[in-house]
Amino acid sequence: MIYTAKLMRDKKGYKFLEHMADAYVAAYGKNLAEAFENAALAMFDVMTEVEKVSPKIRDEVEVEAKDEHALLYNWLEALLVKFEIEEMLYSKFKVSILNRTSDGFRLNAEIWGEKFNSKRHTQKVGVKAVTYHLMEIIKKPEKVTLKFILDI
Amino acid sequence: MGEEESRPPPEKIPLEKIDNYTWRIPKYKPGMRVPGIIFANADLLEKMQTDRTLWQCANVAHLPGIYKYSITLPDGHEGYGFPIGGVAATDYEESVISPGGVGYDINCGVRLLITNLSEQDIRPKLAQLTNTIFENVPCGLGSRRKDFKATAHDLERLVIEGVQWVIDQGLGWSEDAERCEERGCMKNANPDKVSTTAKNRGVTQIGTLGSGNHFLEIQKVDKIYDAKTAKAFGIEHEGQVTVMIHCGSRGFGHQICSDYLRVMERAVHKYNIVLPDRELACAPGNSNEAEDYYQAMACAVNYAFANRQAIMHWVRQSFQQVFKEDPERFGLKLVYDVAHNIAKIEEHRINGERKKVWVHRKGATRAFPQGHPEIPADYASVGQPVLIPGSMGTSSWLLVGTEKAMQISFGSTAHGAGRMLSRNAAKRRFWGGDVKKALEQRGIFVRSESSVVLAEEADPAYKNVDIVVDVSDRVGIATKVARFVPIAVVKG
Chain W
1 MIYTAKLMRD
11 KKGYKFLEHM
21 ADAYVAAYGK
31 NLAEAFENAA
41 LAMFDVMTEV
51 EKVSPKIRDE
61 VEVEAKDEHA
71 LLYNWLEALL
81 VKFEIEEMLY
91 SKFKVSILNR
101 TSDGFRLNAE
111 IWGEKFNSKR
121 HTQKVGVKAV
131 TYHLMEIIKK
141 PEKVTLKFIL
151 DI
Chain Z
1 MGEEESRPPP
11 EKIPLEKIDN
21 YTWRIPKYKP
31 GMRVPGIIFA
41 NADLLEKMQT
51 DRTLWQCANV
61 AHLPGIYKYS
71 ITLPDGHEGY
81 GFPIGGVAAT
91 DYEESVISPG
101 GVGYDINCGV
111 RLLITNLSEQ
121 DIRPKLAQLT
131 NTIFENVPCG
141 LGSRRKDFKA
151 TAHDLERLVI
161 EGVQWVIDQG
171 LGWSEDAERC
181 EERGCMKNAN
191 PDKVSTTAKN
201 RGVTQIGTLG
211 SGNHFLEIQK
221 VDKIYDAKTA
231 KAFGIEHEGQ
241 VTVMIHCGSR
251 GFGHQICSDY
261 LRVMERAVHK
271 YNIVLPDREL
281 ACAPGNSNEA
291 EDYYQAMACA
301 VNYAFANRQA
311 IMHWVRQSFQ
321 QVFKEDPERF
331 GLKLVYDVAH
341 NIAKIEEHRI
351 NGERKKVWVH
361 RKGATRAFPQ
371 GHPEIPADYA
381 SVGQPVLIPG
391 SMGTSSWLLV
401 GTEKAMQISF
411 GSTAHGAGRM
421 LSRNAAKRRF
431 WGGDVKKALE
441 QRGIFVRSES
451 SVVLAEEADP
461 AYKNVDIVVD
471 VSDRVGIATK
481 VARFVPIAVV
491 KG
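So the protein sequences, as listed, match chains W and Z. If you use my numbering, the first sequence closes out at 152, no skipped numbers anywhere. If you use my numbering, the second sequence closes out at 492, no skipped numbers anywhere.
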């Protein structure tokens, strides 16, 4: 399934929980891949109004990690790095492969977005870093919940 | 805080009162190598008990080789691994260094400039001046300055040479470097220990203020508490205009922290270190991992010094553009630049012996006393300037370091206000436009790229910095010199 930003919001793909200093996100999906897609959208929602980010440029991301927590961390960090280095904002994500490998996990994703334009894109708050603080991956039948904190 | 907050600690943290401003967490569980010490009044302490601040203070006391006690300062609040507002000193050879004790924003810090102008001199042109600074200093999401681009080679020089490299590019005066902690350059910086990703993030963001709680303010001296010391720092009278710059090492430092947390996680397994929290990941002080981190961290420290130097230059340039005179005519001298997130090798007297230690300051300000060799010669007779910014629209402080700080807090004190309301709660209560209007009614001109930031950073969302400073002053780990209030604010 590929959701656009609007659709995912309506389906409550993520929400912001209470945290004193930073952004505390809960992202949902019927499986891990979908929850990862929503987690990425939530991160960009911290930075900008994602509805205004047109998914017109396609790119690919591949990340690997020893465990699923680290995979989530590396996935979000890879996107944050793309924003900072290439000035790209993304609003559509498709995690195409999420596999266990011989020594951990691998994720391949297609991502869509456009170059940040301060005239068109609303500025919210910059994300400094992804953290492991209070990170949780809760798996239930038909529902995966991810919780994590973005350092603001 | 009801619905707002509150992730209570997983266990009850025992506390012993030593005096009205000092509390101790005894070694209540077997892993704690030393007690915890909290400097706070009853109100600040009560607030700390609503989240995991004290639990994290006790966790830090587990670090191998930690000396005396794990310290939480009056602005302490829950962080990642370490509480923010935390200090820990560990043995140089037989202990550990932990990136979590520095944080993601390595050398997030503050610099203060003084002018010889009074408020009434700049009031008529305040809006124009603020707008000019807002144009000249890139701030907010994805901000860049098009004419100040560093190449990969420049970045290597910049992180090795720090502030001096920026001055050599024509952005600053020769005396600026002397007025920074470490003279604006940690000597052990080695860019070979920094990842390509960090370097790529660094190249695009040099000379930018960033977002969140970072700010640039035009302030005025509101009250002088210690006239002799104030004078040594160039503060002559109430109403005198000053400028404060608060920012850090941007994506460059964040990435270095992130990269080395991964390295340290492996090190924890390799060296069999037992820790109560994954985010305290560390490596033995004499290991390659520790040495590599320290060399990479120093690059980020120098990057942040350089970043604030470039921004300060554009502030001076903005005064020149608006008032059409040489900025030196207005003073615009750097008083000091100090780090709030850093780890340093220092010597401290512990149980009567001089020891070489790693001092971790996570949301803490160095506060060295008069005569200390590490402070600028001009300030040798008074002590090191300590800069404690408030939240947007509230006061900020200049204090001075003390001998008492050397004795009880490894030469450290608080660094800021600390939040009172979560970002969500602040957004529910305030709207950016109203926050701006309220500030403007108080004569504070505001420019920001983000209405969301204005709401999240509204001043009722923070604790009162005056109380934090008061505790520092009463405990004696840095004493009051002068208080500033803003007249214009530039936010990311």
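Quick caveat, the hints were computed from the structure, so don't treat them as lab data. Fair warning: there could be bad hints in the mix.
As the list claims (entries may be wrong) - Straight-line distance between alpha carbons at most 27 Å, and here's what the computed DSS-like set of lysine-lysine pairs gives:
no. : chain 1 : residue 1 : chain 2 : residue 2
1   : W       : K119      : Z       : K437
2   : W       : K82       : Z       : K149
3   : W       : K52       : Z       : K146
4   : Z       : K47       : W       : K119
5   : W       : K30       : W       : K66
6   : W       : K119      : Z       : K12
7   : W       : K82       : Z       : K199
8   : Z       : K12       : W       : K147
9   : Z       : K146      : W       : K82
10  : W       : K115      : Z       : K47
11  : W       : K147      : Z       : K47
12  : Z       : K355      : W       : K119
13  : W       : K82       : W       : K140
14  : W       : K12       : Z       : K427
Going through the hints against the structure:
no., hint, result
1, W/K119 <-> Z/K437, "23 Å, holds"
2, W/K82 <-> Z/K149, "18 Å, holds"
3, W/K52 <-> Z/K146, "25 Å, holds"
4, Z/K47 <-> W/K119, "41 Å, violated"
5, W/K30 <-> W/K66, "23 Å, holds"
6, W/K119 <-> Z/K12, "50 Å, violated"
7, W/K82 <-> Z/K199, "13 Å, holds"
8, Z/K12 <-> W/K147, "25 Å, holds"
9, Z/K146 <-> W/K82, "19 Å, holds"
10, W/K115 <-> Z/K47, "42 Å, violated"
11, W/K147 <-> Z/K47, "25 Å, holds"
12, Z/K355 <-> W/K119, "55 Å, violated"
13, W/K82 <-> W/K140, "32 Å, violated"
14, W/K12 <-> Z/K427, "20 Å, holds"
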